[in-house]
Each structure stands twice: as structure tokens, then as C-alpha cells.
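As given, the protein sequences belong to chains A and B, one line each in that order. Okay, so the first sequence: first residue is 1 according to our numbering, each after it adds one. Okay, so the second sequence: first residue is 1 according to our numbering, each after it adds one.
Do not take every clue at face value.
Said to hold, decoys possible - Cβ-Cβ distance ranges computed for the label pairs, FRET-style:
no.	chain 1	residue 1	chain 2	residue 2	range
1	B	Ala138	A	Val199	39 to 49 Å
2	A	Glu26	B	Gly121	14 to 24 Å
3	B	Pro40	A	Tyr95	45 to 55 Å
4	B	Ala55	A	Val199	35 to 45 Å
5	B	Cys17	A	Glu110	11 to 21 Å
6	B	Ala138	A	Ile172	37 to 47 Å
7	A	Lys107	B	Gly136	19 to 29 Å
8	A	Gly74	B	Val21	48 to 58 Å
9	A	Gly74	B	Val71	20 to 30 Å
10	B	Ala68	A	Lys107	28 to 38 Å
11	B	Ser184	A	Lys167	16 to 26 Å
Since the hints were made in silico from the structure, they are not lab data. The beta carbon of each residue, even a glycine, is placed where N, CA and C say it ideally should be.
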Amino acid sequence: MLSLDSPFIPRIGWLISLGAHLRLSEGTILLFVWSLLLIAGLGLIAGSFCRSAAILAWFFHLCAAKGGDVVSYGVDNFTSIGLFYLMMSPLPDRYALDVRLRKLRPKWPELLGFFRRVLQIHLCLVYFFSGLTKLIGSGWWDGSSLWRICIRPPFNSLPPELLIRWKAVFPIGGIAICLLETGFPFFIWRGKIGRVWLVCICVMHLAIGFAMGMYLFALVMIVLNLAAFGPASSSDRTETARQAAI
Amino acid sequence: MTRSRARFYSFGFGLHCFLIVAVSARETFWLLSYGQTDAPSSLHNVWQLSENATAAALAEKLNYSNPARQVLYTYLHSTGIEGGYGYFAPNVPDAYKLVFELHYPDGRVEYDLPLVSSSAGGLRMVSLLERLARPGYAPVREYAIKLIAKSVWREHPNAIMIRAIFSSITLPSMADYERGKRESYEVLSAYDISHRKDSDPSVGP
Chain A
1 MLSLDSPFIP RIGWLISLGA HLRLSEGTIL LFVWSLLLIA GLGLIAGSFC RSAAILAWFF
61 HLCAAKGGDV VSYGVDNFTS IGLFYLMMSP LPDRYALDVR LRKLRPKWPE LLGFFRRVLQ
121 IHLCLVYFFS GLTKLIGSGW WDGSSLWRIC IRPPFNSLPP ELLIRWKAVF PIGGIAICLL
181 ETGFPFFIWR GKIGRVWLVC ICVMHLAIGF AMGMYLFALV MIVLNLAAFG PASSSDRTET
241 ARQAAI
Chain B
1 MTRSRARFYS FGFGLHCFLI VAVSARETFW LLSYGQTDAP SSLHNVWQLS ENATAAALAE
61 KLNYSNPARQ VLYTYLHSTG IEGGYGYFAP NVPDAYKLVF ELHYPDGRVE YDLPLVSSSA
121 GGLRMVSLLE RLARPGYAPV REYAIKLIAK SVWREHPNAI MIRAIFSSIT LPSMADYERG
181 KRESYEVLSA YDISHRKDSD PSVGP
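Looking at chain B on its own, in the form it has when it is part of the complex (with noise of 0.2 Å):
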């Protein structure tokens, strides 16, 4: 191999772990400066601006539109390396739960899941809802509701309203457990999806 080759090499080498170093780190300072972990608060100001180091080496703080960034986001997507590692940490987070509630025309309710043809699946169909949860996905989540809720009509077609109710889930500690302590849910939002003539689930009043 020759010298010119085994530098490209090594600086990539090395411009590849400065990026998985970086992204982990960020994921790091950002709970350690958002109070999600057990760390003195008295180094707020260490997390915050470590936070924002790791954020603008990660060209986080460049316009969308950059061409620098847009290159160096599909390199981070494209190797699989734009996430950080904290599964399930600092914390576990409470689960989401989506429940579809089917209103027939004799009155009658009925309860009903998202549907899922695998456990592969639910596990996915977890992934959506915990992301669905968060703030930055307000805008979409009606949307994406409504668009798992289409499944649903077509499994039940007689009914003419499904309201979709997505709720967490506090779960009980070992020691409220062993109190008979189960789990409880929070609704967090409610959607009542009518179904018109022409078939095309719509927003209800």
C-alpha cells in the first residue's frame, strides 16, 4: 500500500471516530445539562457548554440548508453513526400506549390495538409511539395517529367512529408492586376520527 493511501486511510480512521466520539458525547452532555441524571448541578455550566461544543463540531448550529452540513449528516446517516448509545439510560422512561375505541352504530364500543403482524413489529410500533410522545413531534403526531388508525377501520368497517386515544404508562416500582400497586396511564391526547361515505377517515369535531 502506498504512503498516500495508508494517510487517506488513517485520516479517515481518525475523522470517523472524532464523529462517533462526538455524537455520543453530545447525547451525553445533553442529559447531564437537561438535569436527566444524578450529577451534581453544580457543573451545569460544564455540561452546558460541553453541550454545545460537541453540538457545534457536529455542525448542529449551521442552517439546514448548509451544504456542509447536509454532507456531513448523510455521511452520519449513511454509516449508521448519527445516534448515540444511551438505550435505556440514564433512566428507563415510562411507556405509550395506543388505544383505538370504536363506536358502532347500536351504540355499541369496542376496544382495539394498532395492528401488528410480528412481535418485530411491535417493537417498531413502540419505537413510533415513544417518539410520537415527545414535543418536537406535536405537528405530525395527529397525522401519524390517524394514519395507524386507518388499519384499524380496515379491520373493523361497520364502525363510525374511532377515537384514538394515546396515553402513557407510569409503572409501579418493585416496592408499590408488592403493595398490589399496578399500572396506571395518563391520556395525553384524544382523537375522534369519523368514518365519511366515501370511506376517508377525517378529523371529527
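Bound conformation, chain A alone (with noise of 0.2 Å):
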């Protein structure tokens, strides 16, 4: 399926043929891999090497999700965003050791708003279409997908008996999800609503992890809307006129 979209796109298969005519087995490069991406990962929390970093950790993570798309499902997506952003972003940030270390400073640090903007604008996009399309079916509005999500396997950590003596919260859970995710690209934007909005909708995302188990893809998208609105947002912007003026 995925070369039918075109054969271009990064997969592990590729990593395995050229590893098989060095005649490296299956599992050393799967294992060699592993560690390249554990490396990369370590090298952008502590904010060493970070462009390389940044690159050798979008490919491989390309890599690895598009060699299991048929069992990727949206952390894996939502990763892949937020990695090319991150490698097509100014580095390194002025918190990475590049920085305290080896004294280096982005090329074009003006660029960092112009990146965040453009991850704004994704998750404006992206909350939006999907209230929207939740907002087209009944289900979100009487509470019933809710209902559904709750017990359909594997995220029904919740047992039955409890939620059904909470029935009468999901109508209410169902349409504050839709107007959360619709109104998000019109309030985000707007001061103290915007910090409550954020607040919100992170809480969703912590909800999700918590009642259906998907702890990582909560994470993820934590993580991006702090990226992207997060209180560092504004002094960034301070730091970034800094190192521009110099």
C-alpha cells in the first residue's frame, strides 16, 4: 500500500537491504537502528548535536513508523510532525547544551517564531477537523461514542458498571470534546481564554492516556501544543529579538 503511494518513502526495509548485501542479519539492523533513534532521542533532550540529531531521529522514526503502517495508528503520525518541525526548526534552542558547551547559536534565529507559527496553524487545523467531523455524528452529541470508547477493547480500563452510573456525563463529555476541539483554532489565540483553552485540552489529552491507556500519544500531543502555545512561547519571542539584534 505504501508503494503504491510512492516508492520513495522512507521505510526499515530499505535499512534491511542494504544491511543484508553487507551481510548484516535482520536483528543487527533492527538492533543498530534502535540504538541510532535511543541516541538521537538522548541527543535532543540534552540539546547535543542537535541538527544531527534532529535529522538522524525523523528519518529513523520515518523509517520505523512507515515500515509499520499497517500498525501505526496517530502517536505515530503526530511524532512524525513533530520531528520534521524540530528538524526544520532554528537550532540549537538556548537551554541546549550546543549552547552552554559549545558556544553555538542558530543560524537564523528569527526563523523560531516563523516555525511555531506554523505549528500553531497545524493544530488549529488539526483540532478543528476533528471537532468538526465529530460534530457530524449523533454519537458525540447523545454520549454514546463516549459510551463506546469507554468499553470497546483494548481501552475499556474503566469496567462498565462504573461508567454506567456516570452515564448522564457523556452527553455532556461528548459535546464539551466537540466544542473544545472546534473553538480551539478561535480561542487559542485570545490571552487569559487562550492559557484556560490550553489548559483544557491538555487535560483531554491526560484524560485519553488515562482511560484508554494511550499514555504515549497523550504525551505527544502534550508536548506539542506546549511547543507551540506553552508559557515559553512569550519569552522566546523576547530571546529570539535578543539574538537577532545580536
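Once you've looked at the hints, go ahead and assemble the two chains, each given alone in its own frame, into the complex.
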């Protein structure tokens, strides 16, 4: 299916084929890939060799995600999105080890605001269309969608008997989620209301994580939201202006 | 930053956002045109026209081997924007289950589920089963299920035959659950896999 879309989409099969030419087993190649991915991730966390780490992380994550396209779900898409923007944006960040130890500076710091804006617009579109498609289904108005999500394997971590006791909450919860998502692009920009909206969205993702066991998905979405609209964004604008002036 | 560089970034930003909107709108119009929603059916032609327009904007009408299409889809996949964002929308679909019925030489029958090493693996197995249930995956469904069955063989090497049963799970509504109704299963397909002496699983009669 992936090859039908394009034969140029990176996938882990390429690396395994390359390894076969070098007489390396599939297991060795996979271990190599996972190790590089881990090193790239640690490099990104520490802010060390940022650009190289970002490119490696994006490429190997993409290979893994596309290689297992049939078993992928939302977390893979959003991780790809985040890593792509990270790879393209000005690096290193002012908290990175590259700045503190190697005294590196981003080449075009003024682009930081641009890439943050791209991420902000992207998240607005994500939530808008997510909310819109929910609004056009009856299940989110009468609460049946929330009920079905909570009892649907493997998300059924809460006992149905407990859920039934709170059945009056489901229609309210369903409509609240639709309005929260659809209203995101309109209210997230507005000062105090925006901060409340951001907190509500993060709480929604936390609830999804705990109720459905999708912890990684919740973490990725919260990180993306905080990167786009978090409290650091305003202080970063000051820092960007300062670096551009230098 | 030079003016040409600024123009380049602005163009790239506009194109990127256009593609995100096109992919998301395509999914939404598809849902509307195929009656998967509660939208009025009188607007069916509008939804279909819109779906065709967004599909054309995404080069879906072009041949798979068309270079422009391949470049576009390489970009979409590389940036993670190839899919829409209608998770569990407009409604939550039924779930799917894969059960392996293990037959032993002494007539004993046991049941097992696909092996996953973690809860994250379980989520991915669910994604796989949902995809396998789609009509477009019918040609690969049997092959994929037999691949999964291999891991079950390793855990149960003494079994002489495995029947892989792929079912949909119909979830009860809240009212039905209060009346005592629970989830029900409908078998979609079943595959018999016999164990040859060379230990490669193969199609049974």
C-alpha cells in the first residue's frame, strides 16, 4: 500500500536490504536502528549535536513508522509531524548543551517564530477538523461515542458498571470535547481564554491517556501543544529578538 | 533574512497549510458523501463534488506511477500530514478480534489470542485488525493473519492445526448494557492452518 503511494517514502526495509548487502542480519540492522534512534532522542533531550540528532530522529522514526504502516496509529503521525518541524526549525535552543558547552548559536534565530507559527496553525487545523468530524456524527451529541470508546477493547480499562453510574456525564462530555476541539483555532489566541483553552486541551489528552491507556499519544499531544502555545513561547520571542539583534 | 528567502518560506508555509487543509477536508467530504454522518442527504451532490475536488487537488486522480503524484505523497508521508484527524469520528466503529483455535492430536482444543509484548503492542494490534477488516485489505488479510499465527505456533508447537477466527465485536449501547446485553461477535472469516513436517504453516483445506 505504501509503495503504491510512492516508492521514495523511507522505510525500514531499505535499511534491512542495505544490511543484507553488507551481510548483516535483520536483527543486527534493527538493533542498530533502535540504538541510533535512542541516541538521537537522548541527543535531542540534552541538546547535543541538535541538528544531526533531529535529522537522525526524524529519518529513523519515519523508517520505523512507515515500515510498520499497517500497525501505526495517531501517535506515529504526530511524532513525525513534531520531528519534522524540529528538524527544520532553528537549532540549538538556548537551553541546549550545544549553546552552553560549544557556544553554538542558531543561524537564523528569527525563524523560530515562523516555525512555531507553523506548528500553531497546524494544531488549529488538527483540532478544528477533528471537532468538525465529531460534530457531524450523532454519537458525540448523545454520549454514545464516549460510552463506546470506554467499553471498546483494548481501551476498556474502566469497568462498565462504574461507567453506567456516570452515564449522564457522557452527552455533556461528548459535546464538550467537540466544542473544545472545534473552538480551539478561535480561542487559543486570546490571552487568558487561550491559556484556559490550552489547559483544557492538555487535561483532555491526560484523560484520554488514563482512560484509554494511550499514554504516549497523550504525551506527544501535550508536548506539541506546549511547544506551540506554552508559557515559554512569549519568553522565546524576547530571546529571538535579542539574538537577532546580536 | 533576504527577501527571496522570506518569500520562499512564505510560499512553503502556504503550500504546507494548503495540503493539511486538503487532506483533512478530503476525509471530511468523504464521510459526508458516503452517508457516514447525520448531515442532510439533500446535499449529497455537494459533498461528492467537494470530495472529487479535494481528491483532484491531492493528485489522487493521477496514475500511481505519475512522478508528480509520487513526489507529493513522499512529501505528505515524510511530514506526517498524509492522514486526516477524524479519530473516532463521526462515530466510534465496532471493534475486531482475532482468536486462534488450537487443535491437538489428542482431540484437545484450546484458544489463544495474538501475542503482544506490551499495551502499546496491543494498541498496534488493534490498528492492524481494523485495517484488515476494510474491504481494500481483503487480498492481504489471509496472509497477514497467517503471519500472526506463526507467533502462536512458536508458543504451541504441539498443536496440529490452528483455526484463525477473525470476528467483529458489536458493542452494546448504554441502554442495552443496563438490560443485561453484552458484546456480541460475528465471524467475518476463518482460516485453517495445518502444521506440516517442515514446520511452515500452510493453508489447510
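Okay, the hints, checked on the actual structure:
{"no.": "1", "hint": "Ala138(B) with Val199(A): 39 to 49 Å", "verdict": "holds, 45 Å"}
{"no.": "2", "hint": "Glu26(A) with Gly121(B): 14 to 24 Å", "verdict": "holds, 19 Å"}
{"no.": "3", "hint": "Pro40(B) with Tyr95(A): 45 to 55 Å", "verdict": "holds, 53 Å"}
{"no.": "4", "hint": "Ala55(B) with Val199(A): 35 to 45 Å", "verdict": "holds, 38 Å"}
{"no.": "5", "hint": "Cys17(B) with Glu110(A): 11 to 21 Å", "verdict": "holds, 20 Å"}
{"no.": "6", "hint": "Ala138(B) with Ile172(A): 37 to 47 Å", "verdict": "holds, 40 Å"}
{"no.": "7", "hint": "Lys107(A) with Gly136(B): 19 to 29 Å", "verdict": "violated, 45 Å"}
{"no.": "8", "hint": "Gly74(A) with Val21(B): 48 to 58 Å", "verdict": "violated, 19 Å"}
{"no.": "9", "hint": "Gly74(A) with Val71(B): 20 to 30 Å", "verdict": "holds, 25 Å"}
{"no.": "10", "hint": "Ala68(B) with Lys107(A): 28 to 38 Å", "verdict": "holds, 32 Å"}
{"no.": "11", "hint": "Ser184(B) with Lys167(A): 16 to 26 Å", "verdict": "holds, 21 Å"}
When held up to the earlier numbered hints, the structure conflicts with 7, 8 and fits the remainder.
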